[in-house]
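**Q** Line by line, the protein sequences are chains A and B.
Position one of the first sequence corresponds to residue 0 (numbering that gives the first Met the number 0), numbered consecutively onward.
Position one of the second sequence corresponds to residue 0 (numbering that gives the first Met the number 0), numbered consecutively onward.
None of these hints come from the bench; they were simulated from the model.
Everything hinted at is true.
Keeping only pairs whose Cα atoms sit at most 16 Å apart, straight-line, the calculated EDC-like set for lysine to aspartate or glutamate is:
#1 83/A with 196/B
#2 491/B with 345/B
#3 83/A with 52/B
#4 102/B with 229/B
#5 29/B with 538/B
#6 199/B with 85/A
#7 157/A with 256/B
#8 344/B with 487/B
#9 96/B with 112/B
#10 102/B with 188/B
#11 306/B with 352/B
#12 96/B with 158/B
#13 83/A with 191/B
#14 102/B with 225/B
#15 461/B with 487/B
All values reported here derive from a predicted model rather than from experimental measurement.
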Amino acid sequence: MPVYLARRLVQSALILLGISFVTFVLLYVLPADPVRQIAGRSATPQVVENIRRQLGLDQPFIVQYGRYLWGLLQGDFGRSYLQKTDVATLIAARLPATLQLMAGAILCELVLGLTMGILAALRRGRALDQGLMIVSFVAVSAPQFVVSLLLLYVFAVKLGWFPIGGYGTFAHLVLPAVTLGILGSGWYSRMMRSSMIDVLRQDYIRTARAKGLTRARVVLRHALPNAVLPIIAMIGIDIGVFMGGIVVVESVFGWPGIGQLAWQAIQRIDIPIIMGVTLVSACAIVLGNLLADIVAPFIDPRIRLK
Amino acid sequence: MKKLLASTALMLALALPAAAQEYTPDPNAKPGGTITITYKDDVATLDPAIGYDWQNWSMIKSLFDGLMDYVPGTTELRPGLAESYDISEDGLTYTFKLRPGVKFHNGREMVAEDVKYSLDRVTLPATQSPGAGFFGSIKGFEAMAAGSATTLEGVTVVDPATVRIELSRPDATFLHVMALNFASVVPKEAVEAAGADFGKQPVGTGAFRLAEWTLGQRLVFEKNADYWREGVPYLDGVVFEVGQEPIVALLRLQNGEVDVPGDGIPPAKFTEVMADPAQAARVVEGGQLHTGYITLNVTQPPFDNVKVRQAVNMAINKERITQIINGRAVPATQPLPPSMPGHAKDYAGYPHDVEKAKALLAEAGFADGFETELYVMNTDPNPRIAQAIQQDLSRIGIRAAIQSLAQANVIEAGGNGSAPMVWSGGMAWIADFPDPSNFWGPILGCAGAGEGGWNWSKFCDKELDALATEADSFRDPADPARLAKWSEVYVKAMEQAPWVPVFNEQRYTMKSARMGGEDALYVDPVSIPVNYDYVYVTE
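Chain A extracted, bound-state conformation (with noise of 0.2 Å):
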């Protein structure tokens, strides 16, 4: 085990080190001057160039990399070239929003898609199975924009049941959460459907079922808890999809994260933010995949770690 973690983290350190290098050349050969944003349309040419020198952007790639770099070992992000503030700073501050987020998203794409992929599983082939999953194909296909600004309508607008948009209380989380799960909530539903079907198919459960238990004992108490092994273990792999997801439910809703952030440093090609929140999502991502491969064995034992 510390060997494989050793190596998982080596590993890691590496994806994030090709994912920091392929994002710097992106920005570097990006057509768009960010200088030019910062200096303004009645900058004079030597303007210009002060700033570029005071930006070290007049240094080759190479130079540039390096600095990055080792500015990120000693934990420095590097400062927006438009806000002037610590990219860390504006990063620790939206973190815990888009944290929230994903914690009310988890929730309710479990709920949603195990209830449903249960239910299916339940009632294969018949209505409810196929109403179910026509539910969850629609779910994984729906656009977000389009799901989010629905949501927001009918819920907060015309019932009222919850506030337009904005954060602060359960009730701000309670839309954008929902929005960011149905994607999800597709998924497992699907995933949760086959892996019951496949379940209930073994002969322990037949043998449950034999000993006459209940129709409900044998589905939570012997069948469920096998089926839902392989799901718990893809919640990890799932935080590299709602990544995408947040930039827009974010942006719909008013929600203070990092997905916001990104999106308002795109528009302005505002890099050090762009490298800080690419490289805080990607490390997200590596996290949730490595802490999946981990806890997995401990899950379902017939997997091991090598």
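Position chain B relative to chain A; hints supplied.
**A** For chain B alone, kept in the frame of chain A given last:
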């Protein structure tokens, strides 16, 4: 003595109209209350030397003051932190007498040293101010920009209440420059204590002070009870909620949770809002110093041929493009918008005439048209406008491929001269101050035509540039002879057609039922979107 009399006479001539333009506060205005404004984006910075977008522009105006200011709701200059000013006969020396007893939010009295410090700071390259270029006429600016000086030679503290500014060339717009946010007076000790975070911990002399800033969520301004202007602000506070989509902001306004949607009425909802009398009654309309234009790169064939450029001007149906934005604009005839001094009222511009355009194109040797590219920013309604332009051009045989890109990419392509045509929508269009010169220097003059400049048509006519310099050498910015000269500059530029001026946008905003104060305060040409210092709530 003669000189003194002459300068005194000039001072009175300039200062008296300014004093006469003092604003009369609304007799119905009641103090108290807090309002909520929403924005889509977080506020970048509140440092007046750095903040340069329309969102933080009016916030900075409420937190800070400069030597000069504008009469609320208008483009008329009035003294701000300067109680009075005196301009020397040659127009090169400005002496400002400061208002006594003005205090910064930290409680310290503002003195002439602060004015000098603030002007030095904004022009120091280390500050990275996007506004540094505006101060180019102050003596010693070049040395500051080159990094060989750390203080402006032309700014002198005469005594704690007097500051003298010498210019290296006459500059009619200088008083406007002193009213720009970049010229706001800041206290040295607060700037040094906050370091690079001054933009998050601003300290000024303005009507409001920053009470809270939760990154990505909200900013709260509270009334400065010691404000030097009598009776204002009326509001106890302003809450800016950031990170809210315009469409969500409108829903919240309709629900009574928001007082002004800072990003305005979303284009997709405009017709719906105007169709509802109750909502339409709360919509405020105002002019703005804006022109939307197409640049034609005069250094690239076939746009190096003036007949081609004139043909393009005649091919564009401006009325129809105006309809695309729900009629929220008037078709433009020339670079200067109608509300800008110097706008040539008698100049009708190029008519929409497809046949004549075709004939001109044939004369230029392009009877079969040609292929080109039109760069456009990829946010609504700009791609739709670009499609209309594309259709108009196709009628005279010009096949324009649309390059719909992010703002920064369009700016880059325009600046490096690779874009044959650019639709300016969404970028580089609203005047920084209400003077005709502001539409020349960066976007039509030779200074902006270089690599990376904002003059995307790369138009550079030395004679017109010289005429522009002459116009700016007047002492009085409102001198009719000066404005006539500016009209001449723009009309002559249009003869060479480096641009297709398309429309002058009107600004529409909305307010909640409880908001009071003149409509002009909600479409203030210099405090966009709202002049927070003078509006009030009725309940």
